[in-house]
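This is what each chain is made of:
Protein chains: 2
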Amino acid sequence: MTSSLEEIRAEVLKRVNPNESERKRVLSLAKKLTEKVREAAKEKGVEAEIRVEGSVAKNTWLRDCPEIDVFMQLPTTTPKEAFGTVCLEIAKKATEGYKQIERFAEHPYLEAIVDNVWVNIVPCYRVKRGEWISATDRTPFHTDYVKPLLDERMGEEVRLLKRFMKGVGVYGAEIKIGGFSGYLCELLVLNYGSFVEVLRAAGNWKERIVIDYEGHYERKEDTKKIFEEPLVMVDPVDKGRNVAAAVRKEKLNEFIAASRTFLEAPDLKFFYPPETKALDATELVNKINARGATIVFVRFEGVTAVPDVLWGQLYRSQRALRKMIQQHDFTVLRDDVWSNEKNLNIFIFEVENRLLPNMKRHLGPPLRKMLECENFLRKHLGADSTVSGPRVDEGRWVVDVKRNHTDIVNLLKEKLGDGGRSVGVAELVSKTVAESMEVLVNAETLKLYSAYPDFAKFLTEYLEGKPRWLT
Amino acid sequence: MTSSLEEIRAEVLKRVNPNESERKRVLSLAKKLTEKVREAAKEKGVEAEIRVEGSVAKNTWLRDCPEIDVFMQLPTTTPKEAFGTVCLEIAKKATEGYKQIERFAEHPYLEAIVDNVWVNIVPCYRVKRGEWISATDRTPFHTDYVKPLLDERMGEEVRLLKRFMKGVGVYGAEIKIGGFSGYLCELLVLNYGSFVEVLRAAGNWKERIVIDYEGHYERKEDTKKIFEEPLVMVDPVDKGRNVAAAVRKEKLNEFIAASRTFLEAPDLKFFYPPETKALDATELVNKINARGATIVFVRFEGVTAVPDVLWGQLYRSQRALRKMIQQHDFTVLRDDVWSNEKNLNIFIFEVENRLLPNMKRHLGPPLRKMLECENFLRKHLGADSTVSGPRVDEGRWVVDVKRNHTDIVNLLKEKLGDGGRSVGVAELVSKTVAESMEVLVNAETLKLYSAYPDFAKFLTEYLEGKPRWLT
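The listed protein sequences correspond, in order, to chains A and B. Here the first sequence stands for residues 0 to 470, where the numbers follow numbering that gives the first Met the number 0. Here the second sequence stands for residues 0 to 470, where the numbers follow numbering that gives the first Met the number 0.
It is worth saying that the hints were derived from the structure and are not from the lab. Don't take each hint at face value.
Intra- or inter-copy, both count: the list cannot distinguish identical chains.
As the list claims (entries may be wrong) - The list that follows gives simulated cross-link-like pairs (lysine-lysine, DSS-like), each with its CA atoms no further than 30 angstroms apart: (1) 30 / 205; (2) 248 / 43; (3) 43 / 127; (4) 414 / 127; (5) 248 / 378; (6) 13 / 238; (7) 286 / 401; (8) 238 / 43; (9) 401 / 276; (10) 276 / 359; (11) 359 / 414; (12) 31 / 41; (13) 322 / 238; (14) 359 / 322.
As the structure is a computational prediction, the values presented were derived from the model and not from experiment.
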């Protein structure tokens, strides 16, 4: 049963628009927090301007996940050492008695849960536009830029777009996701006029896309040369910054594909995908066996790092390992990585065959390179490493040599035994890998599968191998 | 222990040069046979000129394998039907009482063994140069061309070259070998001056080689355009014909490599390679297992055809099967074919793995091709053939689909069950394949290996995988 676009819009809006009382509650909480932070700063003798930023300031938050960003603008004279630490103290004082989590991006900041609402208290410098010191200094300018342009109706369009992106899994500029930030959603809606027009445009994106809403550059070609990311949204408040810099190509493609598919057959599941039901153990084993490939799991214990650092390290290590495996002639069908961001990380490599022959063809020089041919023969003729050959094949010498690694499990165990730094495993990952790594094949993953429901869901989706909105 | 080039030359010449009495015996036998054929022709009322051609006429035969070619030149008015049959009768009459074998190239001819010497009695037309009717008509012109140019010394050089080519396995223009004819050896020696100079030149051949000894063409570039074979020797008696047309690229490369290696370290084994000693059964099985790959043997019974036709069909079928196997995603490491030219033929395909996963990645259209994407999704989403996906990967839709053939043995059995015409198996091969094919894997080949010593030698050399002259 497909519903009309209008029906879907209405239904989603009903769910994402906060009602009057919810709105009042969030806004008054924001106001109260601002006061508390202001007082705490005063007590500390810190001359700071306190403002609400983000979706609450711009009236674009989603009803089911309000998040209050309180920013402390400090004078540029504040010493770098004090910038983070003092503000952290102020933030802690202001949210005394509530659950607090220290976070760290470029500088430390505080996350707190106040009356069931997530609150971030973040320091930045009060700078003139363009004279950025810290990465967070632009935020107040973003708020000031967007707020007057978004009326109530446009705010709704932003909410629709955000919810859609959450539903199809491309929302969030954090490293784990590599998708679209809230500010980017707002600019997209401003640029195209509405949620549906953003999707319609995205569905037709084919080349690299450059949007320069404020017209900072005279010619699109210049912009294309300055930025190199797949999607470019020139920041209206900073012509040197790409608001979409975090968007990875794969997330961009998923958004394009989802936009198109949604417009063809609008459905609520794009906004609210059904929860994945993990396969039971027997189904899992059957499904893995039915593929006939080999799925290798490398599990290791938690890495102490904030999520952005953790995921950066995980992705980098995953790429390095994939490359290493390929260089040893295994055919990698797919690979993925999972983490509960606490005590468990798992790399997945699915290869065509667990084993390779004991020998591999080693290509020598073409016959016309006479000196190289001589050296090649001297090296391989009768050598211990030679299984058969050398012989002339298609105009060049070739020899079959012993293969060092014929089993991907042993390959991974060997290369990762010391943490795998030499094959490109990232530093923090390397440490815990060396201490706690275990390599599991196919059904051997069952013990993890049963112990970690989130991993079970993840692996179920991996085996399904398609976006949840595609049914 | 390496010997000097001179020592090797002298030793080989001692073995290939017929001594005076052997020479006399062969020449007087040739004369006697000429007389006999002449008489038999006369009796039949056929007006034919009878001549000795080939290595005996040109004094370039090898002592250990003299072969007398007697040619019957018939008037061009002889009807096509009579050309073969009448001559065959004459030849039979002339060699009455000796072992006789009917052969067939373009026309039938007779092979006989007279006093332990192989004799060919071959018909041709007596034509003016250039007005060729039958393929054999050029032969007397070749004899007449070469004979006055080759003195005793040059004859020796030809013998050295022929023996070398035999030793390294590139002698013979028949399809099975695809190598160098005796006439081509003679022209090479004429062109370069001596055996060693031929090898020296060949060792330096890098591009396509064109030799126009008589200077039929003004510019080498023209000659390169007219002929397309890897080695071109313009026939001195027919500018439109390449004497080296039969030389396959791989044989040319083997000759180049052998020439070079011999000149670096002259050795008698290039002329007289040691006999291959077949591995015993245990060694064979160990060697096959040590490779860790899968060797598949397709055996089938004899094909009724002359060797050139048989080998043409075998090679064509081998290529077609290799391609078919590759198209089904198996990685072919090497392949080969063996025949005893009687009751047994065997294809060999060595692949990385006997089994492939049950699924294969099927690439769909890139996202920018919107209509194709829609069709792709319609076809694969939820289809029986879909194992997982579709999903977006590197800017295009992909889906994992069920693989039809996961076992190379079953693949071959299925594709060859009806003879394999549809996958390109040649006609005569196809017939016996359909009736008698058997597919064996690795050690299963032992029963053939033990029953056919020549196959055992062949397989031993295959596993060794290098030219016999390379040690």
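To see whether the hints hold, each was checked on the structure:
With identical chains, the CA atoms of residue 30 and residue 205 are never at most 30 angstroms apart, being 44 angstroms at best within one copy and 84 angstroms at best between copies. Taking the shortest alpha-carbon separations for residue 248 and residue 43, neither the intra-copy value of 45 angstroms nor the inter-copy value of 87 angstroms comes in at or below 30 angstroms. When the C-alpha separation of residue 43 and residue 127 is checked against a cutoff of 30 angstroms, the pair qualifies only within one copy, where the shortest distance is 25 angstroms, while the shortest distance between copies is 118 angstroms. Taking the shortest alpha-carbon separations for residue 414 and residue 127, neither the intra-copy value of 51 angstroms nor the inter-copy value of 76 angstroms comes in at or below 30 angstroms.
In this assembly of identical chains, the alpha carbons of residue 248 and residue 378 lie at most 30 angstroms apart only when taken from different copies (26 angstroms versus 45 angstroms within one copy). Taking the shortest alpha-carbon separations for residue 13 and residue 238, neither the intra-copy value of 37 angstroms nor the inter-copy value of 89 angstroms comes in at or below 30 angstroms. Proximity of residue 286 and residue 401 under a CA criterion of 30 angstroms is satisfied inter-copy only: 13 angstroms between copies versus 34 angstroms inside one chain copy. Proximity of residue 238 and residue 43 under a CA criterion of 30 angstroms is satisfied in neither setting, with 36 angstroms inside one chain copy and 104 angstroms between copies.
Within a single copy, residue 401 and residue 276 get their C-alpha atoms only as close as 46 angstroms, which misses the 30 angstroms cut-off; across copies the closest is 24 angstroms, which meets it. Taking the closest pair of Cα atoms, residue 276 and residue 359 come within 30 angstroms of each other only across two copies (26 angstroms); inside a single copy the shortest separation is 43 angstroms, beyond that limit. In the homo-oligomer, the alpha carbons of residue 359 and residue 414 lie at most 30 angstroms apart both inside one protomer (20 angstroms) and across protomers (28 angstroms), since each shortest distance falls under that limit. Taking identical chains as interchangeable, the C-alpha atoms of residue 31 and residue 41 lie at most 30 angstroms apart only when both belong to the same chain, with a minimum of 15 angstroms there against 129 angstroms between chains.
Proximity of residue 322 to residue 238 under the C-alpha cut-off of 30 angstroms is found in neither arrangement, the shortest distances being 37 angstroms within a copy and 56 angstroms between copies. With identical chains, the CA atoms of residue 359 and residue 322 are at most 30 angstroms apart both within one copy (18 angstroms) and between copies (20 angstroms).
Hints 1, 2, 4, 6, 8, 13 from the earlier list are contradicted by this structure; the remaining hints agree with it.
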